[in-house]
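Under my numbering, residues 1 to 84 are what the sequence shown spells out, in order.
Please note: incorrect hints may appear among the correct ones.
[To be verified] Derived CB-CB ranges, DEER-like:
no.: 1; residue 1: F1; residue 2: I30; range: 20 to 26 Å
no.: 2; residue 1: L21; residue 2: R54; range: 38 to 44 Å
no.: 3; residue 1: L52; residue 2: W27; range: 35 to 41 Å
I should point out that these hints are in silico values taken from the structure, not numbers from a laboratory. Beta carbons: idealized from backbone N, C-alpha and C, even for Gly.
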Amino acid sequence: FAGTAGVMSVVGYIVVYRFPLRECQEWILIIGMIFNTFGSIASTIAKFYMALHRFLVLRNGQLLEVTQFPPLFSRLSLFAKYAN
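All chains, please: the whole structure from these sequences, using the hints.
What follows is the structure, given as structure tokens:
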């Protein structure tokens, strides 16, 4: 969602600042500003949520894969160690 919102913000910026618009086309300017504002706010909120989620997952110290699949994890670790 953060990527889509970032694209919306960029598209809104391009519409507002790159295209010369006449007074009769001010509704395009308003829509571009709405896209830019909504996209930047939504992208910021989504990135904050991702950072918070990563912090909460890494704060635990134990990965779910290690606790639920120890044989598979150890085999993959050995494979990664000796693959090079």
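Cross-check of the supplied hints:
no.: 1; hint: F1 / I30: 20 to 26 Å; in the structure: holds, 24 Å
no.: 2; hint: L21 / R54: 38 to 44 Å; in the structure: holds, 41 Å
no.: 3; hint: L52 / W27: 35 to 41 Å; in the structure: holds, 37 Å
No hint from the list above goes unmet by this structure.
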